[in-house]
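S.K.: These protein sequence lines are chains H and Z, in that order.
Position 416 of the first sequence, counted from 1, bears residue number 416 in the working numbering, the numbering being contiguous throughout.
Position 65 of the second sequence, counted from 1, bears residue number 65 in the working numbering, the numbering being contiguous throughout.
Hints in this document: simulated from the structure, not taken from any laboratory.
Yeah, the Cβ is synthetic: ideal placement off N, Cα and C, and Gly gets one too.
Just to be clear, a hint being listed does not mean it is correct.
As the list claims (entries may be wrong) - A few chain Z residues that face chain H, going by a derived Cβ cut-off under 10 Å, partial list only:
1. Ser17
2. Asp22
3. Ala45
4. Pro69
5. Trp82
6. Asn86
7. Lys90
8. Arg96
9. Phe97
10. Lys142
11. Asp168
12. Gly171
13. Leu174
14. His176
15. Leu191
16. Val199
Claimed, not checked - Here are the simulated DSSO-like cross-link-like pairs (lysine-lysine), alpha carbons at most 27 Å apart as the crow flies:
17. Z:Lys193 / H:Lys8
18. H:Lys80 / H:Lys438
19. H:Lys244 / Z:Lys198
20. H:Lys363 / H:Lys190
21. H:Lys164 / Z:Lys142
22. H:Lys438 / H:Lys338
23. Z:Lys3 / Z:Lys90
24. H:Lys244 / Z:Lys193
25. H:Lys393 / H:Lys366
26. H:Lys366 / H:Lys338
27. H:Lys164 / H:Lys3
28. H:Lys164 / H:Lys190
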Amino acid sequence: MGKTLSDKVWEQHVVRTAAGEPDLLYIDLHLVHEVTSPQAFDGLRLAGRPLRRTDLTMATEDHNTPTLNITAPIADPVSKLQVDTLRANAAEFGVRIHSLGDLDQGVVHIIGPQLGLTQPGLTVVCGDSHTATHGAFGALAFGIGTSEVEHVMATQTLPQARPKTMAVNINGELPTGVTAKDVVLALIAKVGTGGGQGYIVEYRGSTIEAMSMEGRMTICNMSIEWGAKAGMMAPDETTFAYLKGRPHAPVGDEWDAAVAHWQTLFTDSDAVFDAEVSIDATQLTPFVTWGTNPGQGVPLNAVVPTPAGFADPVEQAAAERALEYMGLTAGTPMREIKVDTVFLGSCTNGRIEDLRAAADVLKGAKIAEGVRMLVVPGSARVGVQAVEEGLDKVFIDFGAEWRAAGCSMCLGMNPDQLAPGERSASTSNRNFEGRQGKGGRTHLVSPLVAAATAIRGTLSSPADL
Amino acid sequence: MDKFSSHTGIAVPLRRSNVDTDQIIPAVYLKRVTRTGFEDGLFAAWRNDPDFVLNTPAYAAGSILIPGPEFGTGSSREHAVWALQNYGFKVIIGSRFGDIFRGNSGKAGLVVALVEQSVVEQLWALAEETPGVEFTVDLATKTITAGEQVFEFAIDDYTRHRLLEGLDDIGVTLTHEAEISAFEATRPSWLPKTLPAKVAS
Ligand code: SF4
Chain H
1 MGKTLSDKVW EQHVVRTAAG EPDLLYIDLH LVHEVTSPQA FDGLRLAGRP LRRTDLTMAT
61 EDHNTPTLNI TAPIADPVSK LQVDTLRANA AEFGVRIHSL GDLDQGVVHI IGPQLGLTQP
121 GLTVVCGDSH TATHGAFGAL AFGIGTSEVE HVMATQTLPQ ARPKTMAVNI NGELPTGVTA
181 KDVVLALIAK VGTGGGQGYI VEYRGSTIEA MSMEGRMTIC NMSIEWGAKA GMMAPDETTF
241 AYLKGRPHAP VGDEWDAAVA HWQTLFTDSD AVFDAEVSID ATQLTPFVTW GTNPGQGVPL
301 NAVVPTPAGF ADPVEQAAAE RALEYMGLTA GTPMREIKVD TVFLGSCTNG RIEDLRAAAD
361 VLKGAKIAEG VRMLVVPGSA RVGVQAVEEG LDKVFIDFGA EWRAAGCSMC LGMNPDQLAP
421 GERSASTSNR NFEGRQGKGG RTHLVSPLVA AATAIRGTLS SPADL
Chain Z
1 MDKFSSHTGI AVPLRRSNVD TDQIIPAVYL KRVTRTGFED GLFAAWRNDP DFVLNTPAYA
61 AGSILIPGPE FGTGSSREHA VWALQNYGFK VIIGSRFGDI FRGNSGKAGL VVALVEQSVV
121 EQLWALAEET PGVEFTVDLA TKTITAGEQV FEFAIDDYTR HRLLEGLDDI GVTLTHEAEI
181 SAFEATRPSW LPKTLPAKVA S
């Protein structure tokens with residue numbers, strides 16, 4: 001029987017296997033940020049252990065960093081301590097770091113691909129649940145906790161029980177105005193937030209093949225939002241073209257050797273997945289969330305659902321609570337929901353393609369009265385590229401705030417937060433209670449919907465303009 | 001890590017599903033650089049709500065948490081596990097958990113006991129019938145004793161073994177150092193390295 005893509009990558013990284021024990025997997029790339037690493041570095045220090053492979057490790061500052069006045073010292077002393085601690089740890093252990101103000105600083109899942117460090121067939125880990133983003137390149141990439149961060153630092157390996165495999169077949173041409181974000185939001189609404197638990201999923205089919213790397217990353221990014229261990233896509237010419245010429249991509253003979261290997265990374269035609277899900281892309285429309293988990297979503301042209309409509313009593317109770325938290329009434333058309341803030345950014349939709357798509361919609365328009373919009377590039381380099389293309393001007397002329405790179409309002413750890421009761425349309429990946437600030441209400445949307453919403457002030461798509 | 005064999009403590013029914021890691025501890029509480037002190041952020045949004053279960057005096061000193069399905073989904077923050085432990089929880093009993101949360105718990109020594117949702121419902125009823133009642137969770141026999149009743153729970157064998165023995169994971173892996181080095185020697189030269197650093201010109 002043939003092998004799936006994830007079987008191949010998994011098996012190529014098994015250092016040791018023993019009955020009754022998880023496989024010991026070798027880790028090719030370890031990305032580190034300020035929030036989930038300090039206790040891991042401390043652990044190494046306490047045990048007197050070195051960091052085994054500094055040449056496979058890279059750190060950046062993203063979660064906690066300000067997006068305004070980035071050259072001034074960080075105002076919040078606790079945030080400052082955490083960032084300073086990362087800098088000191090990186091210096092002590094010899095880890096490469098891209099600090100605030102550096103051109104390669106940014107959200108960890110944006111800078112790995114941007115530098116060409118994220119490559120097909122690698123194992124990539126990071127103390128961050130959105131690490132699956134790197135799976136868009138055919139890497140086996142997953143988020144880990146701080147104890148595991150320390151484990152990788154000390155051993156460059158991780159003991160891992162082997163998950164099952166699932167295929168997500170997405171076929172057909174996406175209708176105009178429907179993006180990768182809508183695909184993944186529709187998928188999660190269909191399978192539920194726990195639908196992928198215990199699986200490495202492979203997104204495949206003609207819709208994926210036609211997608212840019214940016215779109216593919218948006219989909220893989222949200223794998224964790226339906227519980228999957230990792231999300232992967234087979235590398236192809238689009239992948240190779242994206243990588244070619246990037247700072248850490250192989251060159252010359254090594255490029256050829258790498259491509260020859262990458263071309264073996266696909267699911268064999270006779271391989272069997274443990275589970276399969278299918279999505280007809282031609283039937284999709286812009287998708288938005290109404291509730292407090294990413295599975296609580298509906299098409300933009302639908303209405304806020306009625307809790308009684310859910311057959312499962314647990315879902316019904318969750319829906320009731322979500323409507324109360326979100327301050328919504330069942331039956332209200334989604335399009336009539338008024339927002340206060342629009343957030344364009346994050347590792348889901350903070351890449352150059354996302355900024356271009358939004359700027360295209362905004363060009364020449366004015367922001368709706370009473371609405372504020374934050375545009376936060378995913379990395380400093382995305383920011384520079386946007387400036388070179390004049391996108392910053394489009395955003396500023398429109399009335400949006402153009403900020404420096406980082407996670408920002410995606411998780412509201414820095415000053416970019418929603419006030420209690422404030423409602424946002426956000427291109428990020430989590431609409432959890434309080435995610436963007438205590439009491440804040442989040443609707444997850446695509447960059448196109450974010451832009452149209454900023455113009456109209458209510459959840460909208462470009463087709464409504 | 002300390003060995004875990006069994007624990008007896010107050011059972012806390014948390015009748016909510018999808019309690020994600022942002023609910024367990026919001027991001028603003030993640031700024032500490034230690035593993036302690038996170039109890040102040042535990043369930044922060046609900047701590048001022050008089051109806052919240054931990055604000056009922058009988059449950060306040062609870063050490064066995066029984067949440068609804070999909071507990072600990074979302075972020076990889078191990079701070080969620082530390083916050084629960086810092087507060088005093090030793091065991092979480094539930095039907096479905098976020099994978100990373102479950103993995104983090106096993107590493108940090110918080111026991112995650114898997115049972116069917118129907119068992120969760122029974123445990124909720126027992127814990128609510130007599131607020132402050134103590135349950136006993138025994139890892140060796142994989143059982144939960146609640147009054148007269150005994151329920152079995154599931155936990156993967158390897159995690160259970162590590163918890164029972166109090167093993168240091170990194171120490172165990174480092175005994176396989178020779179195999180790690182042998183594997184490293186076979187890695188192709190074109191694989192990316194972060195050092196020396198290269199950046200776009
Ligand atoms: S942008 Fe948001 S989801 Fe992505 S790494 Fe930062 S906080 Fe996490």
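S.K.: Are the hints correct? Go through all of them and say.
M.R.: These are the hints, each one checked on the structure:
{"no.": "1", "hint": "Ser17", "verdict": "holds (5 Å)"}
{"no.": "2", "hint": "Asp22", "verdict": "holds (4 Å)"}
{"no.": "3", "hint": "Ala45", "verdict": "holds (5 Å)"}
{"no.": "4", "hint": "Pro69", "verdict": "holds (6 Å)"}
{"no.": "5", "hint": "Trp82", "verdict": "holds (8 Å)"}
{"no.": "6", "hint": "Asn86", "verdict": "violated (13 Å)"}
{"no.": "7", "hint": "Lys90", "verdict": "violated (17 Å)"}
{"no.": "8", "hint": "Arg96", "verdict": "holds (6 Å)"}
{"no.": "9", "hint": "Phe97", "verdict": "holds (8 Å)"}
{"no.": "10", "hint": "Lys142", "verdict": "violated (16 Å)"}
{"no.": "11", "hint": "Asp168", "verdict": "holds (8 Å)"}
{"no.": "12", "hint": "Gly171", "verdict": "holds (8 Å)"}
{"no.": "13", "hint": "Leu174", "verdict": "holds (6 Å)"}
{"no.": "14", "hint": "His176", "verdict": "holds (5 Å)"}
{"no.": "15", "hint": "Leu191", "verdict": "holds (6 Å)"}
{"no.": "16", "hint": "Val199", "verdict": "holds (5 Å)"}
{"no.": "17", "hint": "Z:Lys193 / H:Lys8", "verdict": "holds (22 Å)"}
{"no.": "18", "hint": "H:Lys80 / H:Lys438", "verdict": "holds (21 Å)"}
{"no.": "19", "hint": "H:Lys244 / Z:Lys198", "verdict": "holds (14 Å)"}
{"no.": "20", "hint": "H:Lys363 / H:Lys190", "verdict": "violated (34 Å)"}
{"no.": "21", "hint": "H:Lys164 / Z:Lys142", "verdict": "holds (25 Å)"}
{"no.": "22", "hint": "H:Lys438 / H:Lys338", "verdict": "holds (19 Å)"}
{"no.": "23", "hint": "Z:Lys3 / Z:Lys90", "verdict": "holds (12 Å)"}
{"no.": "24", "hint": "H:Lys244 / Z:Lys193", "verdict": "holds (16 Å)"}
{"no.": "25", "hint": "H:Lys393 / H:Lys366", "verdict": "holds (13 Å)"}
{"no.": "26", "hint": "H:Lys366 / H:Lys338", "verdict": "holds (16 Å)"}
{"no.": "27", "hint": "H:Lys164 / H:Lys3", "verdict": "holds (13 Å)"}
{"no.": "28", "hint": "H:Lys164 / H:Lys190", "verdict": "holds (20 Å)"}
Violation of the numbered hints given earlier is confined to hints 6, 7, 10 and 20; the remaining hints are satisfied by the structure.
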